[in-house]
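Required output: the full structure, derived from the provided sequences and hints.
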Amino acid sequence: MKPHWLVSLVASSLVGPLVAQEPQTIEFNRDIRPILSENCFYCHGPDPQHRQGDLRLDDRQAALEALAIIPGNPSESQLARRIISEDPELVMPPADSNKKLTQDQKALLQRWIAQGANYQTHWAYTPPTRPNTNHHSIDALVQKELDRNGLVQTHRADPRTLVRRLYYDLIGLPPSPERVAAFEANPSDKAYHEMIENLLANPHYGERMAQGWLDLVRFADTIGYHSDNPRNIWPYRDYVIASFNANKPFDRFSIEQIAGDLLPDANQDTRIGSAFNRLILSTEEGGAQPKDYEARMLADRVRAVGTVWLGQTTGCAQCHDHKYDPITMNDFYSLGAFFADIQEPIVGAREEGLAITQPEDNQRLANLDAAIQQANAALKELEQQESPSADEITAAKERVEKARKQRDSFYKSLPKCLVTKSTPNLRTVRLLPRGNWMDETGPVMKPALPGYLTDSLPHRSQRDLNRLDLARWLVSKENPLTARVTVNRLWKHFFGTGLSKVLDDLGTQGELPVNQELLDFLACEFIDSGWDIQHMIRMIVQSRTYQLSCQAEPKLIATDPLNRLTARQSPFRFEAELVRDHALYHAGLLDTQIGGRSAKPYQPDGYWDSLNFPTRTYAADQDKQQYRRGIYTWWQRTFLHPSLMAFDAPSREECCAERTRSNIPQQALVLLNDPTYVEAARGLAYRTIQSNALTHEDKIDWIFSQVLQRSPSTLEKQELSILLEKHLAHYKDHPQQTSKLQQTGMFKPSESVDQAQLSAWTHIARVLLNLHETITRD
Amino acid sequence: MNHPEQRKKFYCRRRMLGKSTIGAAALSTLFAQDQTHAQSKGVIENLPLVQKVKRVIWLTMAGGPSHLELFDPKPKLAQLHGKPMPESYTAGQQLAQLQGQKLMCLGPMFEYQQVGSQGTQISTLLPHIGSIADDICLVRSMTTDAINHDPAHMFMNTGSQIAGRPSMGAWINYGLGSICENLPGFVVLVSTGKGRSPQPIAARQWSSGFLPSRFQGVQLRSQGEAVLYLNNPPGIQPSQQAMDIAAIESLNRHHASRVQDPEIDTRIAQYELAFEMQTSIPNLMDTSDETQDTLDLYGCTPGDGTFASNCLLARRLAQRGVRFIQLYHRDWDHHSLLKEELPLRAKEVDQASAALIKDLKRLGLFEETLVVWSGEFGRTPMSQANKGPVGRDHHNKSMSMWIAGGNIRPGIVYGSTDELGYAAAENTCTVHDLHATMLHQLGIKHDAFTYKFQGLDFKLTGVEGAKVIEGILS
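Those protein sequences? They're chains G and B, same order as listed.
Here the first sequence is numbered in the working numbering, starting from 42 and rising by one per residue.
Here the second sequence is numbered in the working numbering, starting from 709 and rising by one per residue.
Hints listed in this document are in silico derivations from the structure and should not be mistaken for laboratory results.
A portion of the hints provided could be inaccurate.
Quick list of the computed label-pair ranges, beta carbon to beta carbon [to be verified]:
1) Asp-137(G) - Ser-965(B): 47 to 57 angstroms
2) Gly-492(G) - Gln-787(B): 54 to 64 angstroms
3) Ala-242(G) - Pro-756(B): 51 to 61 angstroms
Idealized CB from N, CA, C, for every residue including glycine.
And the structure:
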């Protein structure tokens, strides 16, 4: 059988060792659309402004009317003639487009026309349906595609790898050696399922899942533009963590974020969720024009809806109709109009935000308010006396003042969060010709759902739509995209690549899924389960496919080098925050508190020197806040913490569906020299010395079991023993260097420990923390 | 390994022998295997155009220097000094801090002098740059789309006002690859004028955006560690660092012999490169091998972090093959105190800018280097008086810049503005044109140089179309 997914691989020039073969029956979405989209739609697509020769090829009717395509008759069809033309004036695509069709593509287009030139609606714009087979499972659907490609799945991963994988994927922390040993002793399905349930119930699960979401919605502690000043928004991060931990249905989770303030049952939590609308970039720059930034903020929000829920590159339609997808400028600005009710300064400092209270805080506030009232009443009573004593009045006034101060200072101590407040004074949203905010000739836009996705829907109501309508539609069955986009991201979390590779574009320029039946099955399952994320995760991690080893026959790897068909698992490097978390965990330093204000780990002096208005000095946290998980790191958009940046954490200026995964020298410098990692090595060394392992050899065993949950090989042991002896000899001769090394970071081990031993073991710990295996999930 | 280039590297690995500089070599050769190289080839296999220059040095005067005081004399503006700005110029136009204010003309505040064989008019504030007038091409018709600092820097560096796009240094390294063994291909140096409170600059200005992270600019700092996390931790001697890295390499190789993961080889190479950087960067920063004459030429005291010192470092980086070297000098945002502050900024950069050109020529590097001197926008012919002693507001309809180096027509003035210096009038150039021209000089066709992101073909030169500025090319 033909590897049909290779057609798209070849089209995007990711040439694998397999040779593409033409499919037997031509399918428009699979075989033709990618070619037309890549090579033709830019000039002959949905955008009328840029359309050449009044010809569009994305619409069959139009292509037929223009005689570009005469079904069944390629030799008379202009399209077929022009693509094979020898005349440089006539040949399509033209030379200056820098596009070129291969011979195979030309032949395919001709055969397609010969077969009747059938079109299909773009795959992602029709609602997902369950496959009409009895094989409703991930494994069956994966197997079906493997069979088509003649591939056989590799073996199951060993128990140790499985435990480590599950821990990494579900909570982002390492398993204890005992946990691994227990599963190795009893690697039954039952034990595996229990482990899954335990991890899903672990509060660190919320942190793990939140991390990707925070990238997606561009959560950060600062405003982004120019002065990049702080804003109060971290309670939103905790809201996301708590939502995952509560397994809040994804539809509700989405609605709260877009319209948590408008819900009939709105409460403090849903309002914090609505901070989503405030995560955009803003500026305090002098001379910034409100109209300019109004347009930027609107576009920012429309792009976000596109990336987070629709998997559509809506941003393209800010200046012109989309060149590949049917998104019009009308769609863009009418989507933007949904957000015209958000009360906010356009230019300038953000407001303080909503004070976030726990029930006991509310009680305390009430008490403090009552105290003020009482003090006031007492004062009034005093003043109404016929001849009040001046001293008594002064004292009463002081009591009022004191009560006010107490209330103020308590209020000030409460966390604040920017949230969405709706105002009836809507901003006027105009369609901006060519995206130009100074051009006020465009029509005024009302909120409306994207036409191309809702044409077939009955008109809902006579009233104007609002954010709540938008949110509800996004997670409704009528919207074909959100469920697919979400399960595709989830697949990526557990396999390293989405079923459709481009996570933020399920449009025509994205990738036809390598296994569309599987993606659609997962999307249906997601909706039918009530948008239950943990249900989906259980399905995935319980599948045989998830549990495969990364190791396979070289031939299998050579056949599918990118592992798109999941005949095996894929290894990948830890994400930035988790590199940190693991090191601190092994050091015994990690603070495991869930939630709270953002943390400031050690950072090189002067790193913020280019910030201004005002200038800023970075003060690293000096208490246990120093050891918080990476997810809590202060996110300064214009100067993100350099250790996180080195490991590809995004600046979160724009929505980010997928981080790059690089392998660069800065990562080595961070792991070797960043005080956080030096201190972590010190902590791990101390733990090693304090462990009940007695000999050096036993201690090497111990440290391996902690970090890698396995025993060292003879060679590894030998290597580290030699290294240990060398360092030990050195520090015995140079005690002053020991004390220098042991001063990095705040960690203070017991002074009774032999300092030369401690330093020598710090080196061993450092080697362990730097290993590729240590920072790789496999 | 989600990048085609990396993949290719894996499947056609080259054998590198005897390249290990790491101590305890015995350990590292225990499991000697082939490994990837620190140098990288660009994605463009065969350059479509003749490559005129190998590298770019971009001198950014951050804040927006006034073209009207420095490069673009306007006698008519002097005549109208203190009079209302004719509305025909400004009606319906985008202004920054002057939006909605009364607009008055402000005549040039400093004298010009004729310099070079063509008698080009350049400010008396820039005598040294005047002295290289026959080597540089002065462009008076530059424009930009943005009018606030942050978006304007973004536009100048990435061709877009939306965050998250790759900067030009990243694009160039992505396309052409790196030609130096042990330094990053894109290096950024920032200096600050001794003036008032300068405009902030975001690290996104040298971000690799959606391109792989290894193409991002690396900031060289004059205070603390030259590169973040470059120095060994306190108490750890270089020999100890070498032993640890050798052990890491050895254990990683051992691991690679047991599992299939091509990233391990890359990681080993990155540790080697990191270790090399621990030597190569101190060597780069140590200017003790420069003669007193050279120091005098730049007018710098090495290590002081000034623009002059950074110009010298730029030349040293160029000698070592770094592709894209970007200097920022902050504090050119003269809404007020133009008369008081501008001469100070000019003095801070004038001599060293000219010295860089002279030095590159002396070393035979001038013809293979493109040097650009530019702000992020120009300034208004109208005065701004609401911020203290008079200054000028941001302006995007006109600005001046100069370009020099291989294949750039030396000694000419290209383009002009209207009588009042308000808008580019002749041979108007856009930022996209400037990028297209730069890529052209490097041998790259700007409209064919794309990267697929979010399903779209992104270009440094955007979607609106750009033209190579042929008029400035020899």
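Hint-by-hint comparison with the structure:
Checked against the given bound of 47 to 57 angstroms, the beta carbons of Asp-137(G) and Ser-965(B), roughly 51 angstroms apart, stay inside it. A hinted range of 54 to 64 angstroms for the beta carbons of Gly-492(G) and Gln-787(B) is consistent with their spacing of about 56 angstroms. For Ala-242(G) and Pro-756(B), the hinted distance range of 51 to 61 angstroms is satisfied, since their beta carbons lie about 58 angstroms from each other.
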